[in-house]
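J.: Protein chains in written order, with my numbering: chain A, 1 to 125; chain B, 1 to 335.
The set of hints was computed from the structure by calculation and includes no laboratory data.
Every value quoted in this text rests on a predicted model; they were computed, and no experiment measured them.
Heads up, a few of these hints could be off.
In silico BS3-like cross-links for lysine-lysine, where the CA-CA straight-line distance does not exceed 27 Å [stated by the list, open to error]:
id	chain 1	residue 1	chain 2	residue 2
1	B	K289	A	K103
2	A	K102	B	K289
3	B	K289	A	K124
4	A	K124	A	K102
Letter by letter, the chains look like this.
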Amino acid sequence: MHNQPSVTELVQSVKNFVDQTAMPELTGRAAFHARVASNVLATILRDLESRDSNDAAELGRLQALLSDNGTSSIEKLNRDLRDAIRAGDLTIESDQLLDHLKKTAIAQLKVDQPGYSGLADALKE
Amino acid sequence: MSDTQEFNDRLQSVLRRVYGHNTVLQSANRLSGGASQETWLIALDAESGPSDLILRRAPPGAEQSMGSAAIGLENEAKVIRQAHQGAVPVPGVVHVLDEDDDMGSGFLMSRIQGETIARRILRDDKFATARDVLPEQCGRALAGIHAIDSAQVPVLKPSSGLDQLAYYENIYQSREVCRPIFDLAMVWLRENAPAPLPTVVVHGDFRLGNIMVDESGLAAVLDWELAHIGDPREDIGWMCTNSWRFGHSDKRLGGFGDLEPFLDAYAASGGVEIKPADIDWWDMLGSMKWGIMCMLMYESFRSGADPSVERAAIGRRVSETEMDLINLLERQRHA
Numbered sequence: 001m002h003n004q005p006s007v008t009e010l011v012q013s014v015k016n017f018v019d020q021t022a023m024p025e026l027t028g029r030a031a032f033h034a035r036v037a038s039n040v041l042a043t044i045l046r047d048l049e050s051r052d053s054n055d056a057a058e059l060g061r062l063q064a065l066l067s068d069n070g071t072s073s074i075e076k077l078n079r080d081l082r083d084a085i086r087a088g089d090l091t092i093e094s095d096q097l098l099d100h101l102k103k104t105a106i107a108q109l110k111v112d113q114p115g116y117s118g119l120a121d122a123l124k125e
Numbered sequence: 001m002s003d004t005q006e007f008n009d010r011l012q013s014v015l016r017r018v019y020g021h022n023t024v025l026q027s028a029n030r031l032s033g034g035a036s037q038e039t040w041l042i043a044l045d046a047e048s049g050p051s052d053l054i055l056r057r058a059p060p061g062a063e064q065s066m067g068s069a070a071i072g073l074e075n076e077a078k079v080i081r082q083a084h085q086g087a088v089p090v091p092g093v094v095h096v097l098d099e100d101d102d103m104g105s106g107f108l109m110s111r112i113q114g115e116t117i118a119r120r121i122l123r124d125d126k127f128a129t130a131r132d133v134l135p136e137q138c139g140r141a142l143a144g145i146h147a148i149d150s151a152q153v154p155v156l157k158p159s160s161g162l163d164q165l166a167y168y169e170n171i172y173q174s175r176e177v178c179r180p181i182f183d184l185a186m187v188w189l190r191e192n193a194p195a196p197l198p199t200v201v202v203h204g205d206f207r208l209g210n211i212m213v214d215e216s217g218l219a220a221v222l223d224w225e226l227a228h229i230g231d232p233r234e235d236i237g238w239m240c241t242n243s244w245r246f247g248h249s250d251k252r253l254g255g256f257g258d259l260e261p262f263l264d265a266y267a268a269s270g271g272v273e274i275k276p277a278d279i280d281w282w283d284m285l286g287s288m289k290w291g292i293m294c295m296l297m298y299e300s301f302r303s304g305a306d307p308s309v310e311r312a313a314i315g316r317r318v319s320e321t322e323m324d325l326i327n328l329l330e331r332q333r334h335a
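This is chain B alone, in the form it adopts within the complex (with noise of 0.2 Å):
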């Protein structure tokens, strides 16, 4: 039997599980993804149910090549489901793959219509109104996720600003690499660590490109799996970085709005008071992170790992985050 056949059929199996005998699956076709995450648009023809559904996977034996900070897809739906509750738009976990599936481990998730390519969010004009409403949307939907409690998805890791800083700072000088501006951003980080807040559940990776956006606005936070417990305002200054606002540097947020709706949306539905200059420690924290994260997929080619023109070609955008690390500096110098 092919492999497509096999996991034809195990799909099937599951799906007849979940929605009943007379549910038939038409088609299974992967969207992206990398080697341990895969992403399914599942299309089925049932009698009581959805004509299509998401399938987040990892198969048999991947789950160990996965990036040390991710939780692991069956932890990422567990805190989706949470969120649902609180209120943050998400899609709907419809089943957790159990190891009667036979199908490695993931979930089926109801799938959800929009955008998530940023330069069309920010550039369309059918998402104009979108682009309007968003800051306030996302203040709403963070304060919903930092809400989250925490003792009900036990498997989240704390990790401080401080911490990422080290993990960071620890990456960068073991590799033979002489950056001069990482350094002098690492110190100034060190030396200038904004008292911690309350830790809050944390998405870790929330930013243009894992939101979903449609022509009213939010419709979905996606990509979880960088969850953890830490500081809320990582989350707010990792929308902030340069680097996530694809061109459009003049709006902060994101590169479609000013912080400061945002801030006022997040306070009024429960999250705590924050000012912009607040935000600045962590904007810089998320210059650093990425810059380090872009030689981390550089080294990915030199090693050999992934030889992909991809993978060499991100190595030249580390310096990207290095202007963006000394227009900080020098902002934080006259601050």
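Same shape as in the complex, but just chain A (with noise of 0.2 Å):
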């Protein structure tokens, strides 16, 4: 399958547009929505270079932490996990529970909103 351009320029392309060219000719609400217009194609990027990386490591997680043998996808260890929480198996008293759930957080924000204030207290701490 062809991929040039690849998806990421693609995607840079367009946010080159809305930035350069449709942002500054609008106003009101329409320049505001090209302003998260562009919010979301600078997200679609990061989480373009950074899904695989994050999904790999978030099952490593899982699966230690629910001594998986390694055949359950990432999705149904989530349920699990969520169960698991549900049913009062794993609590806020467990360190893995709570590193894994931090480390998840933390990857994700850095997809979502990178600037966002408590992504920064939980890399202070």
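Relying on the hints, combine the two individually framed chains into one complex.
T.: Given below as structure tokens:
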């Protein structure tokens, strides 16, 4: 399958158009939505760059946390984790649980809103 | 006759009824709000009366689409009037629309000058003095709100912290989303709920964005549509929720101040004695609630009800509240 330009390059080109051409022409609500759209495109670019490695790291942590033999999907393991939390089998007293959830939240937020204050707080601690 | 002409004619009649026959409507400009809740800036030429007013209105037929927690504009006007009697800074309600007005439900209120955009209030030099005095002013205002005689506002529904936990937990569990941090927070909240305090009239959305601030501080408390009967700590915890600190997480109270001077002023003005640690549970409840609200707003994109990029983007803000919840849960473990 052809990949020139790559998905990343295509998204970048649309972001360039929004930032440099469209946004300066717009006012009011349309300008606001153009800025949101530009931010969404930036999120997509970060997601494209880091999803594979984030998912792999999350899967590895989930397998260790739930003693999985490596056959379950990340979705299945997340549902198992949720069920264990709801059942009270895993609580905030578990270092491994909190470490996993914190690393997962940090990785997600670095993609979604890297400037969020709570992320800076988490990285400081 | 055009809709605009009809609207203006009806508004003109209302203004004459309130301010006398010589009152002339100069203009009505829609400021903001969704389909069900409109806000209008009204300019008028009155012999005796103000030169401008604000109209908050739900057009005829719009009431059904309002959020289930919203109390409706007529009730909002009643609560604002009670708050005014309690010396809470609020816009003066000058007229509540009735059937004769034929404009839907809503009310006219005085226009207060000031800033509501949180980032400006937190950042601009002109609000430096305001930021210094705002914690105490908010403490006094909230004590005034919590002192409102609930018998005078009989429409408000009771909703405790545990009621809200159950409400949002149900929304979360009924959707096909799996975000274990929310499950962990919900379990912790359920198992660590503090004993309830005697209930009061709660504003329900007391935070930057819903208060108007001028250079000398708090000018008015706005947006009363989520008022209810509940625990006084809910309003305090909501203002402390990190989502409402707008990037200034080191200032626990709304990103502008410390909690202690707020609580001191609150107690000195008749509120109950509360310690900062008493707010922790409500702070976490606030992050959980805002996270589920973001999921719901994204849901309106996914369902096609609101296809805007803004609604899509807010789905990627749920992770902000996950981060806050983890930070708060870690602190509780070491507490």
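J.: Hint by hint, say whether it matches the structure.
T.: Status of the hints after comparison with the structure:
1. K289(B) <-> K103(A): Distance ~22 Å between K289(B) and K103(A) Cα, so the pair holds.
2. K102(A) <-> K289(B): holds (19 Å)
3. K289(B) <-> K124(A): holds (25 Å)
4. K124(A) <-> K102(A): Roughly 13 Å between the alpha carbons, so the hint for K124(A) and K102(A) holds.
Of the numbered hints given earlier, the model fails none.
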